[in-house]
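Engineer: Just so you know, the protein sequences line up as chains A and B, in that order. No gaps in the numbering here: position 114 of the first sequence is 106 in our numbering, and each next residue is one more. No gaps in the numbering here: position 250 of the second sequence is 535 in our numbering, and each next residue is one more.
In case anyone wonders, no lab produced these hints; they're calculated from the structure. Accuracy of the hints is not assured; some may be wrong.
To be verified - Far from chain A, by Cβ distances over 12 Å, these chain B residues were calculated: (1) Thr439; (2) Leu465; (3) Pro559; (4) Leu575.
Stated by the list, open to error - According to the in silico footprint, chain B covers these stretches of chain A (three or more CB under 8 Å from chain B): (5) 66 to 73; (6) 152 to 158.
To be verified - Beta-carbon label-pair distances, calculated as ranges: (7) Gln87/A / Arg319/B: 24 to 34 Å; (8) Ala440/B / Ala143/A: 24 to 34 Å; (9) Gln499/B / Leu158/A: 20 to 30 Å; (10) Thr290/B / Gly140/A: 25 to 35 Å; (11) Thr85/A / Leu435/B: 33 to 43 Å; (12) Tyr173/A / Pro494/B: 24 to 34 Å; (13) Ile453/B / Tyr173/A: 20 to 30 Å; (14) Val100/A / Thr316/B: 28 to 38 Å; (15) Gly442/B / Ala93/A: 53 to 63 Å.
If you're wondering where the values come from, they're calculated on a predicted model, not measured in any experiment. Ideal placement from N, C-alpha and C gives every residue a C-beta, glycine not left out.
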Amino acid sequence: MPIKPLLLCKQQRAEQSPRYQWLPILCLFLGLALGVPIAWAHGGGEIQLANAPIGPYKMTVWLNPPQPQAGKTMHITVGLAAPPNDAPVLDATMQVQITRADTQQIVVTTPATTEQSTNKLFYETDFAVAEVGEYEATILVDAPAGGGSGAFPITVIPAQTTNWLLIGLVALALVVLGSVYRNRSRA
Amino acid sequence: MDPITRAALSSWDWRPEVIIVLALAGTLYLTGWRRLRQRTFGTNKRQQDRRQRTSRSHWHLAARWRPIVYVIGLLFIGLALMSPIDILAQQLFFMHMIQHLLLIMIAPPLLLIANPMPFMLWGLPARLRHTVGRAIGRLLHRESGSRRWLRSATAPGVIWMFWVISIIGWHDPNAYNAALRHEFVHDLEHLFFFAAGMLYWWHVTGAGPRIHKQIGLIGRIAFVLAAIPPNMALGVVLAFVSKPVYSYYTAVPRLWNISVIDDQRIGGVIMWVPGSMMYIIAALLLAARLFGKEEVKPALPEANWATKENLAVPGMKQ
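Produce the complete structure using the sequences and hints provided.
Structural biologist: Here is the structure:
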């Protein structure tokens, strides 16, 4: 019963042209495109160190995004597993140090904690590096049964200047405004 | 409670994009349901109750159970995408299988039984409703090419294939590991599963928009049962394989003393048994409706069958 008033009578249907049939597809595409940066922002990332030995423990490190941009936030997530059954270690102290590969100058020192991580079984830290270049990330671990460190290289690329989110929103607004204007002028 | 379990249970990911979509869908549905209920039964609550009691069927459009079922469906999506189930899926294969069950087999039928399309349209402001209604009308009217295209693209056979390819394809080790490494791929995987689930259950529940010729109850039972073999085969393979299929899990800390192989076996069994069970339950419910319909068929008038010829012993000459 309620669907009927929504639909058009046969004569009205015949008068309608299929001009805006692409509109839902465009909206879907834009919706997906706008969802990308949001999806990237929570956890995940590329494994940089897998089961690296740190004293008696095994350490796995993720970097997200895999190619960090200058001045933009990057996330380092660390999982620490204890023998014999690789159970997570939650009472370790961790520091992440970012060093310039050419000058060995430390540019960032930040603690990684379980509180900062969405997954409370992992340690995480979020930070930004201001300049483009080659760096080395060192994870310093101090845990009850021992400690140590693991390192991996990071390449920081120039920041992307195109704001696809803004472009998408403007395009969507233009499409909506255009269709409203055409409907009104036709009426 | 041990610290690992406490840490695991406190791992919630309040994703704004998921919350916004769920809140928007829920608000639209509930607003539309209230408006349609007022149109059907009037604005007075007592009047509504009386009219509903005297209504012949519990399956009428603005029934009370519909928003409850719809909201439960939305809550299951929220649970799958934001609760520790989602977070622990990064460490435990069987948690990932539970997440997929929720997105493919639990949330879609609940959402579709509630027949969301008319309610969501009626949840929109009047002018927007008319604009969207016209757009849908154009897209789906009988003579349009888009309707023909949609009909063939969403035919039951095509949807079955899409469903099988989604399930099998995303469990390929490369695709699966990529989904765990890249959050965007992981979200894409979930979108595929949810879309496959929604399209599959759309045919089973017969929710709007109805652009296909309605499949009979026997056809629907067959369609539901056709989902079991691929699901079961994948579950059996994962339950019995003796090596870790997904390398990602070998690099992460293990929880609750569950080894990678045991985790994989539990995940395979979840896919095999509860996964198949959902389809069997759906088939049984459809069968119950089929037999229920047989029972309520009116008896033929006595004059049609109580004739001398019909009551005579066959072969006996009068």
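Engineer: Tell me the hint numbers this structure goes against, listed in increasing order.
Structural biologist: 2, 6, 7, 8, 9, 11, 13, 14
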